[in-house]
Amino acid sequence: MDCKTAHELLPLYFDSELDRTTSREFEAHLDACADCRELLVGLDELRRGLREDAPRYRAPTALRERLADSAAAMAAVAESNAVVPTRRYRTPLPLRFAASVALAFAAGGTVVALWNSPHGSGTSRDQVASDLFASHWRALAATSPVDVVSSDRHTVKPWFAGKIADAPVVRDFADQGFPLVGGRIDYVGSARVPVLVYRHGQHLIDVFVLASTDAARLDASAMRNGYRIEAVRLGDQPAAIVTDMDAGEVTKFDQLLQQMK
Amino acid sequence: MIATTASGFVDELAQRHLDAAYSLGRWLLGNDQDAADAVHDAYLRAARSADTYAGGNARAWWLAIVRNCCLARLAGRSKERRNVELDATPGNVHPLLPQSEANEVEERIDAAQRRERMTRSLRDLPIEFRETLILREIEELSYREIADVLAVPIGTVMSRLARGRAMLQKALADAPATHVAKESSHGL
Chain A
10 MDCKTAHELL PLYFDSELDR TTSREFEAHL DACADCRELL VGLDELRRGL REDAPRYRAP
70 TALRERLADS AAAMAAVAES NAVVPTRRYR TPLPLRFAAS VALAFAAGGT VVALWNSPHG
130 SGTSRDQVAS DLFASHWRAL AATSPVDVVS SDRHTVKPWF AGKIADAPVV RDFADQGFPL
190 VGGRIDYVGS ARVPVLVYRH GQHLIDVFVL ASTDAARLDA SAMRNGYRIE AVRLGDQPAA
250 IVTDMDAGEV TKFDQLLQQM K
Chain B
522 MIATTASGFV DELAQRHLDA AYSLGRWLLG NDQDAADAVH DAYLRAARSA DTYAGGNARA
582 WWLAIVRNCC LARLAGRSKE RRNVELDATP GNVHPLLPQS EANEVEERID AAQRRERMTR
642 SLRDLPIEFR ETLILREIEE LSYREIADVL AVPIGTVMSR LARGRAMLQK ALADAPATHV
702 AKESSHGL
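Quick mapping for you: the protein sequence lines, in order, are chains A and B.
In this text, residue positions in the first sequence follow the numbering used here: the first is 10, and each later residue adds one.
In this text, residue positions in the second sequence follow the numbering used here: the first is 522, and each later residue adds one.
Hints are computed from structural coordinates only; laboratory data are not their basis.
C-beta: ideal position from N, C-alpha, C; glycine also.
Mixed in with the good hints, there may be bad ones.
Stated by the list, open to error - Now the in silico label distances, taken between C-beta atoms and shown as ranges:
no.	chain 1	residue 1	chain 2	residue 2	range
1	A	E36	B	K691	45 to 53 Å
2	A	Q264	B	G529	51 to 59 Å
3	B	A694	A	L149	21 to 29 Å
4	B	Q554	A	D40	25 to 33 Å
5	A	R233	B	E625	45 to 53 Å
6	B	R665	A	D175	47 to 55 Å
7	B	Y574	A	R75	34 to 42 Å
8	A	A37	B	E533	39 to 47 Å
9	A	R67	B	G529	52 to 60 Å
10	B	A696	A	P167	26 to 34 Å
Unchecked claim - Derived list of chain B stretches under chain A, where covered just means 3 residues or more per stretch with a C-beta under 8 Å from a C-beta of chain A:
no.	region
11	554–563
12	578–584
13	639–649
14	672–681
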């Protein structure tokens, strides 16, 4: 095993994610390589430091009691077979849309109230934008911003088709200076959405294909840390561009997307 | 309509992994009240959606719900408020320290400083690295379990772990070492 391979396997070995045979090969390399041993010691020191010095917080007794109270309340409701009462229904309008998403896991207004709890007073409008920015930044931080690599729309679309209900329209704009890099699936709220990834010079462009409920909760454009979101349409599907390109280039790209059918 | 068996399953799951849930919430949200509220949200949500649990790792399913409830709360805070709300000093440190003889005083100070530095460095990491590190190093979840909790591919888990570890190592190395009077040993 050479040092390059060993470096790649090192965290997997450290986290017990290697199979036995590979582990043994890795250990053989370790015996011979002081550099790798040193890296391993570094990881181990960090782990010990975390376990000793980063407190694992204990759940307070009050929380246990609160859960027990809720369990009793829910049991009582289930017994009387009544509908969960809709308390705290002071929901601003945008959150009504959120309800349709929330309905995926429950029925009843209390769920909406949960999302609108006294501490989390933000709007769901910010939530969609935040999700989009976060997905984009996460993708940039990952080793690869795409799960399927291809400049060929005939590869990307079927890949989506196997993973998501509505595979988006896919087109390559390499001729216009915006080559298709590939695609991935990401999360907006709890919904899995297809993301088309394009490149323009040094800039990466994510095109999120949104559900209309999410699209309705997104402003036409937003800026954060030098990145921008632009609400667009991909053929007849609502979508959002996230990128660090400047406004002029975004407009150009937007026009290309609009022409898609 | 909650089936009694389903809510029993969630009850047991939540009880068994309550510390894990609370600790994750506490690290993500930065204060006790929000962490407790988020776990309570998660419990209600889990109880209502118990029938959507499709098998697989139950702890990962529960922690994923906890995490989503935490993120929903985080998203609700404005940026300024988030910075203020995170605790400036780890409040739980001192009660954990041994109340003992004078010759241990310096070691205690040293340990308190190491904790303070670790807590601060970890807290300052971007959330995706912080949560990945906590799930791996403190909760000891496997890559697959972390991928389930975070709803990301395993490759992303690996790259976040690698990057998170490197960032934390750097942060700890760069952290201004608050000096103790004497050079005391680092082992406790």
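Consistency of the hints with the structure:
| no. | hint | in the structure |
| --- | --- | --- |
| 1 | E36/A <-> K691/B: 45 to 53 Å | violated (28 Å) |
| 2 | Q264/A <-> G529/B: 51 to 59 Å | holds (57 Å) |
| 3 | A694/B <-> L149/A: 21 to 29 Å | holds (25 Å) |
| 4 | Q554/B <-> D40/A: 25 to 33 Å | violated (51 Å) |
| 5 | R233/A <-> E625/B: 45 to 53 Å | holds (48 Å) |
| 6 | R665/B <-> D175/A: 47 to 55 Å | violated (28 Å) |
| 7 | Y574/B <-> R75/A: 34 to 42 Å | violated (22 Å) |
| 8 | A37/A <-> E533/B: 39 to 47 Å | holds (45 Å) |
| 9 | R67/A <-> G529/B: 52 to 60 Å | violated (24 Å) |
| 10 | A696/B <-> P167/A: 26 to 34 Å | violated (50 Å) |
| 11 | 554–563 | holds (count 8) |
| 12 | 578–584 | violated (count 0) |
| 13 | 639–649 | holds (count 4) |
| 14 | 672–681 | holds (count 8) |
Of the numbered hints stated above, those contradicted by the structure are hints 1, 4, 6, 7, 9, 10, 12, listed in ascending order.
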